[in-house]
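K.L.:
Sequence:
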Amino acid sequence: MKTSFKYFLLLNVCFSIYSFGQAGALKKANKFYTTKAYSQAIPYYEKALKKDSSNKIILSNLGDCYRLTNNTKGQLVCYGSLIKSGREEPIHKLYYGQALTEIGQQESAKSYFEQYGADSRGKNLASSSDKMKSYIKNADAYKVEVAKFNSAQNDFCAVKYHESVVFASSRNKTKWINKKHGWTSDSYLKLYTSENNGGGVYLNPKLFMGDLSSKYNDGPICFTKDYNTVYFTRNNSNKKMISTENTYKLKIFEAGLNQNGFDRVTELPFNNNNNNCAHPSLSADGTYLFFASDMEGGYGGMDIYYTKKQGDVWGTPVNLGAKVNTAGTEVFPFIAANGLLYFSSNGLDGMGGLDIYETKFKDDKAGRVYNMGEPVNSKSDDFGVFLGEDNKIGYLSSNRKNGGMDDDIYDFEILREVKRGKEILIITKDKDNGEIIPNTKFAMNGDTVTTNEKGELQTVIEEDLNYNLTVNKTDYFKLEDSVSTKTSPDDTFTKELRLEKDPHLSLLAFVTDAKTNLALEGVKLTINELPSKAPFDNYTTLATGDYRKPLKGKKIGDKISYFIVLEKPGYVTKTVTFIYDIKAPGEIKVNESLNLKLGKIEVGNDLAKMIDMKPIYFDQGKSNIRKDAGVELDKVVKVMNEYPNMYIELGAHTDCRGAAASNTKLSAARAKSSAAYIIKKGIKKDRIVGKGYGEAKLLNGCICEGKIKPTCSEDEHAKNRRTEFIITKLK
Numbered sequence: 006m007k008t009s010f011k012y013f014l015l016l017n018v019c020f021s022i023y024s025f026g027q028a029g030a031l032k033k034a035n036k037f038y039t040t041k042a043y044s045q046a047i048p049y050y051e052k053a054l055k056k057d058s059s060n061k062i063i064l065s066n067l068g069d070c071y072r073l074t075n076n077t078k079g080q081l082v083c084y085g086s087l088i089k090s091g092r093e094e095p096i097h098k099l100y101y102g103q104a105l106t107e108i109g110q111q112e113s114a115k116s117y118f119e120q121y122g123a124d125s126r127g128k129n130l131a132s133s134s135d136k137m138k139s140y141i142k143n144a145d146a147y148k149v150e151v152a153k154f155n156s157a158q159n160d161f162c163a164v165k166y167h168e169s170v171v172f173a174s175s176r177n178k179t180k181w182i183n184k185k186h187g188w189t190s191d192s193y194l195k196l197y198t199s200e201n202n203g204g205g206v207y208l209n210p211k212l213f214m215g216d217l218s219s220k221y222n223d224g225p226i227c228f229t230k231d232y233n234t235v236y237f238t239r240n241n242s243n244k245k246m247i248s249t250e251n252t253y254k255l256k257i258f259e260a261g262l263n264q265n266g267f268d269r270v271t272e273l274p275f276n277n278n279n280n281n282c283a284h285p286s287l288s289a290d291g292t293y294l295f296f297a298s299d300m301e302g303g304y305g306g307m308d309i310y311y312t313k314k315q316g317d318v319w320g321t322p323v324n325l326g327a328k329v330n331t332a333g334t335e336v337f338p339f340i341a342a343n344g345l346l347y348f349s350s351n352g353l354d355g356m357g358g359l360d361i362y363e364t365k366f367k368d369d370k371a372g373r374v375y376n377m378g379e380p381v382n383s384k385s386d387d388f389g390v391f392l393g394e395d396n397k398i399g400y401l402s403s404n405r406k407n408g409g410m411d412d413d414i415y416d417f418e419i420l421r422e423v424k425r426g427k428e429i430l431i432i433t434k435d436k437d438n439g440e441i442i443p444n445t446k447f448a449m450n451g452d453t454v455t456t457n458e459k460g461e462l463q464t465v466i467e468e469d470l471n472y473n474l475t476v477n478k479t480d481y482f483k484l485e486d487s488v489s490t491k492t493s494p495d496d497t498f499t500k501e502l503r504l505e506k507d508p509h510l511s512l513l514a515f516v517t518d519a520k521t522n523l524a525l526e527g528v529k530l531t532i533n534e535l536p537s538k539a540p541f542d543n544y545t546t547l548a549t550g551d552y553r554k555p556l557k558g559k560k561i562g563d564k565i566s567y568f569i570v571l572e573k574p575g576y577v578t579k580t581v582t583f584i585y586d587i588k589a590p591g592e593i594k595v596n597e598s599l600n601l602k603l604g605k606i607e608v609g610n611d612l613a614k615m616i617d618m619k620p621i622y623f624d625q626g627k628s629n630i631r632k633d634a635g636v637e638l639d640k641v642v643k644v645m646n647e648y649p650n651m652y653i654e655l656g657a658h659t660d661c662r663g664a665a666a667s668n669t670k671l672s673a674a675r676a677k678s679s680a681a682y683i684i685k686k687g688i689k690k691d692r693i694v695g696k697g698y699g700e701a702k703l704l705n706g707c708i709c710e711g712k713i714k715p716t717c718s719e720d721e722h723a724k725n726r727r728t729e730f731i732i733t734k735l736k
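In this text, residue positions in the sequence shown follow our numbering: the first is 6, and each later residue adds one.
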């Protein structure tokens, strides 16, 4: 089929008659071009071009004529000359790229598509070269073979009719339909049928229902499930209803079937004399009618629409939207019994020319659109899908043979279900400022992928799967994230991966069990800045027990101060204050200056060690509680309030110096005084007992009774002077 058939099915039938006389070749060419008689314009433009080989208008118009009559070589010459001389319009780069695609030069075409930014076609078609692998991965799912009833002319859009096949054709088998169309010089389209002899062999085609034939174009066609009603495309031939362009537009008609054939041929209500409506396809239940139209309000060229039947009346047409329609041409819709909608487009990513696409029509909306790939599509034009009630066997049309000069019908079979995925757009950004991070490699379920210069990766992921994403990028912290296609009903996802800049200054803490020194999982760290008390971070340790946090905005020479609370069920809560002067880049390890070991709440453990109490000091020979001692005892009160089932023995110990009896008496007084302080703070007196041990439980060999003279240092004596808070019971 020439491009006119594919795109518009001879949308404009013109009957303006020109008497050129001795007019020049260019004038004749322009007249034919204006009335869309492109095949007739070509020889005159070629003649004019010989006299003026650099004329921009001639090159542009001749290129259009070649394009619209499917002469790829001529198209490349004309548009290529304009581009080489720098006199091209933006659209010429798009057309040139499309021509390159049709001869298999996708990579060369990509640069021209990328230079076309007037609408979405440039971006869509530029992406095609990156998707070539996806176009062949399901080739084994389809079977496509040339049908036996084709002619040397255009044959396309076959549909089932009882045990026969009905299709549109420009073959000229009857004298009374020998009219030619100026666009292509082909005969006008008529509907033909070929009967199946019962053995899978089709008989020679003949005209289908002569009462459906008109003066000009008839077809494509579709039937109701019972074959009692037919919808078909035809040129409006009423001279009173000619368009403002002096052309007869395409319209969709309905006809009933009686014993003598079809009758009651009527226009559908949404037809318009100034717009084209064509290529009807009826849903299995007869509720929806899909068609192609260039009516106002579309995206450009022909768009796919549907109308919904309400009672006996077809409703207002609805454009299927930007998922399906582009600034290019979308035509030949077919709605299968399973709700899958097939259509052809030259504005979406594709293999060349018109490609066939598939989308799920559900809840009056189109889902994600998929290019069906090889062998359904080719470098040439592919269109006109039809499937039977089994959604597996039918027909498609293509001009992939004979250099694209005519269309043929192909037997089409879906051998297996093709699992379609969901499209995801992944964007890598800086977590702090939101700026794009380009060329970022990351792992996606083990596969390594990379974002582009815009920080974007657009790909298709399988349905009903979880995808783990792991990013390792220099100067950024490792990021682990995930995305799932299991829960969202959307056909497209956008996922932002926000990477956290590594300032090479970070706070590190390692929390362990005080008894085993093993890493502690499940410890909640609450960190506030000092002196402002502003929240800095909240974190719960994993099995490794460690905590890392970048110190954003900090630099060498700064001082940091944090108040840290460590909490874990079954362990005594610990609070510490961390102050540090930053002198070099790297990890600032809290553990190097503070004890981050948590003590488990068990009978026999010393609470003083678990909460890092400072020594309790008394004045010489006295037992009254000093202010500094009260601060430490308040820590015990706090813990005992947090754990009301905890019982404590407060034991006071001295070193060996002085009389043993005096030491015992003084330690007992100090123990009881300390216990009384705690009881006064609200702790029940049966929960704490004060006991003085004097020098009875020395921790080292610093004995000094009788003739034994101690040789211990002051530090060694100090270890024996202590107050213990031993957990005696947990009720």
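Keep in mind the hints are simulated off the structure, nothing from the lab.
All figures in this text were calculated on a predicted structure; none of them were measured in a lab.
Please note: incorrect hints may appear among the correct ones.
List time: in silico SDA-like cross-link candidates among lysine to any residue, alpha-carbon distance up to 25 Å [what the hints assert, rightly or not]:
| id | residue 1 | residue 2 |
| --- | --- | --- |
| 1 | K478 | T492 |
| 2 | K211 | Y304 |
| 3 | K640 | K491 |
| 4 | K478 | G451 |
| 5 | K559 | E505 |
| 6 | K436 | M449 |
| 7 | K384 | K436 |
| 8 | K619 | V570 |
| 9 | K365 | I442 |
| 10 | K491 | D452 |
K.L.:
Each of the hints needs a verdict: does it hold here or not?
P.N.:
Tested hints:
no., hint, verdict
1, K478 - T492, "violated (30 Å)"
2, K211 - Y304, "violated (39 Å)"
3, K640 - K491, "violated (51 Å)"
4, K478 - G451, "holds (16 Å)"
5, K559 - E505, "holds (15 Å)"
6, K436 - M449, "holds (20 Å)"
7, K384 - K436, "violated (44 Å)"
8, K619 - V570, "holds (18 Å)"
9, K365 - I442, "violated (35 Å)"
10, K491 - D452, "holds (20 Å)"
Going through the hint list in order, the structure does not satisfy hints 1, 2, 3, 7, 9.
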